[in-house]
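Asks: What follows is the residue order along each chain.
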Amino acid sequence: MWKPLALETRYELLKLVRLPVFAIMTLLFPLAFYLMFGVALAGSRATGGRNLALPLLGTYGAFGVIGVALFSFGVGVAVERAQGWLLLKRATPMRPLVYVLGKVGASMAFCGLVVVTLVLCGTMFAGVRLTPQQLVALVGSLMLGSIPFCALGLAVGFAAGPNSAPALVNVIHLPAAFASGLWLPMEILPNGIQAVGRWLPQAHLGQLALTTIGQAPNPQPLWNATMLAAWTVVAMAAAVLAFKRDEGKLYG
Amino acid sequence: MRNPTTPIAELTGISHRFGATVALDQLDFSLRAGEVVALLGPNGAGKTTLVRVLMGLIRPSEGRARMWGLPPADPAARRRVGVMLQVARVPDTLTVREHVHLFSSYYGTPVSVDDTLTAAGVAEFANRRFGQLSGGQRQRALFALAICGRPDLLVLDEPTVGLDVEARGAFWSGVRGMIARGCSILLTTHYLEEADAIADRLVILRQGKVIRDGAPQAIKRQIAARKVTCTTSLEPHSLGAIYGVRSVAVAGDAVTLLTDDAERVVRELLARDPGLRNLEVTGARLDEAFLTLTGGQPGALPLSPRGATSSTEGGSRVEAVGA
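The listed protein sequences derive, respectively, from chains A and B. No gaps in the numbering here: position 234 of the first sequence is 234 in this note's numbering, and each next residue is one more. No gaps in the numbering here: position 135 of the second sequence is 135 in this note's numbering, and each next residue is one more.
Since the hints were derived computationally from the structure, they do not count as laboratory data. Quick reminder that beta carbons are idealized off the backbone N, C-alpha and C, glycines included. There could be a bad hint or two in this list.
[Said to hold, decoys possible] Computed footprint of chain B on chain A; a stretch qualifies when at least three of its residues, placed anywhere within it, have a C-beta under 8 Å from a C-beta of chain B:
# : segment
1 : 3-9
2 : 15-23
3 : 84-98
Assemble the whole structure, with the sequences as input and the hints as a guide.
Replies: Encoded structure:
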């Protein structure tokens with residue numbers, strides 16, 4: 001189990017790194033957003049003189065890792081399924097769990113890369129100072145907290161085709177990120193959006209990340225973690241259903 | 001004589017439906033150690049479904065499937081099988097060597113990566129990414145993935161579709177290497193000539209049933225036929241009713257009959273139509289004869305005008321005919 005898992009993770013990560021579209025979508029987008037809103041606007045009048053570089057590190061970090069997980073799973077699985085590649089792997093003695101965990105491992109490693117890049121930017125350009133404990137807590141919580149989104153992506157990957165999957169991922173990803181206060185602080189969003197957003201896993205990951213760097217207005221890490229775990233279970237159930245439905249369609 | 005050991009693969013009373021389509025219909029099949037079996041049949045005959053049932057990728061609606069006495073999805077069974085399925089594309093960004101390295105880790109006693117690359121004939125492009133390979137190179141790389149686990153059975157689903165003659169030759173020499181090591185083979189193909197050249201047993205499927213099963217020589221003898229061409233005023237339906245006529249094809253005013261008993265059919269034709277002209281009797285090509293077998297009811301006749309047509313590419317690619 002361990003050797004195949006290690007290799008699966010390693011080669012999944014290589015696949016992600018070698019795919020320019022993926023790196024651009026998942027690394028450059030959060031970075032560009034963070035540079036614009038967190039760094040360029042730091043201390044400007046638009047933010048009422050507040051330095052948003054630190055809190056936005058948490059929320060854009062969450063935005064970044066969510067994108068990695070949703071895209072690597074949603075699009076990756078949809079494409080491999082459509083190609084018949086997944087079927088070939090399933091015909092080997094590879095355990096299905098190895099396939100999923102390999103992708104989780106690769107996705108989490110890439111998540112770590114995204115968060116560390118954001119932290120470096122904040123530190124170099126916007127005067128962000130994290131203690132070592134904060135850094136570890138931020139990176140660790142965001143990497144682990146990407147798991148529910150891996151599960152969501154897995155469900156999308158089994159439900160959607162290779163052409164519709166990227167669109168579907170964006171339709172989930174962008175509005176949910178906005179409603180969850182990952183782009184602008186939750187407090188300044190309209191009440192109606194807040195009412196929906198507070199139940200989304202994106203919001204809970206954002207709040208958890210803010211908590212680790214002392215920026216959550218109302219820290220509830222246990223509640224956040226519970227909600228994320230609950231979403232993981234729901235998304236896994238959806239993924240299993242979508243897989244069964246897809247399996248029934250095998251025709252040839 | 002076949003090896004009397006227990007079967008590697010055994011299907012008993014397998015039926016499988018996709019919605020209203022019956023893919024496999026009360027099918028029995030077994031494969032013993034050392035056999036090289038070719039599954040033949042037109043598209044939709046059930047070849048790929050049969051392979052997927054054997055690989056444990058489909059749970060059949062009815063019946064029992066066993067590999068070495070185990071359920072096909074059991075990892076202990078899968079460790080002894082190498083598979084090539086019809087894969088549209090492979091993750092492009094990994095090299096052949098990387099893919100082989102990963103697949104080898106799934107098996108208990110894999111061949112070393114370098115030996116696999118050599119045996120599959122992919123060593124010279126092992127460090128190229130899958131996305132940069134030609135069609136023939138890609139099939140050989142997929143073959144490398146199939147043999148890396150030291151399989152006792154190699155399952156090849158349409159392995160040579162779309163390959164040119166040269167690439168096919170290279171591919172089959174790799175397969176012969178595995179046969180020489182005692183590996184059993186189950187392959188599906190459209191190409192009768194290929195099946196004939198490599199297999200020691202042909203199994204012909206039609207509409208989810210086995211309609212012929214035996215040594216290539218015996219099957220060829222069974223399906224050998226002659227072609228009777230003429231210009232006649234007789235209706236195709238009455239021609240089809242003549243005893244011994246397997247199929248009727250009309251092209252312009254010429255009629256072509258495929259038959260096992262040309263003399264008898266000619267006598268009957270001349271008796272029924274005194275004005276019959278342009279009579280010609282020739283040997284039918286094997287693929288033409290095969291087509292009537294897979295296209296029509298066993299023992300009965302496909303009476304559509306396109307009953308016995310459609311052999312292309314100068315070889316013997318058999319198309320699905322009037323099902």
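Asks: For each hint, tell me whether it holds in the structure or not.
Replies: Hints, verified against the model:
Given a C-beta distance limit of less than 8 Å, the hint that chain B covers the segment 3-9 of chain A holds, as 4 residues qualify and 3 suffice. Proximity of the segment 15-23 of chain A to chain B, defined as three or more residues with a beta carbon under 8 Å from a beta carbon of that chain, is established by the 3 residues found. With a threshold of 8 Å between beta carbons, the proposed coverage of the segment 84-98 of chain A by chain B holds, since 10 of its residues qualify and at least three are required.
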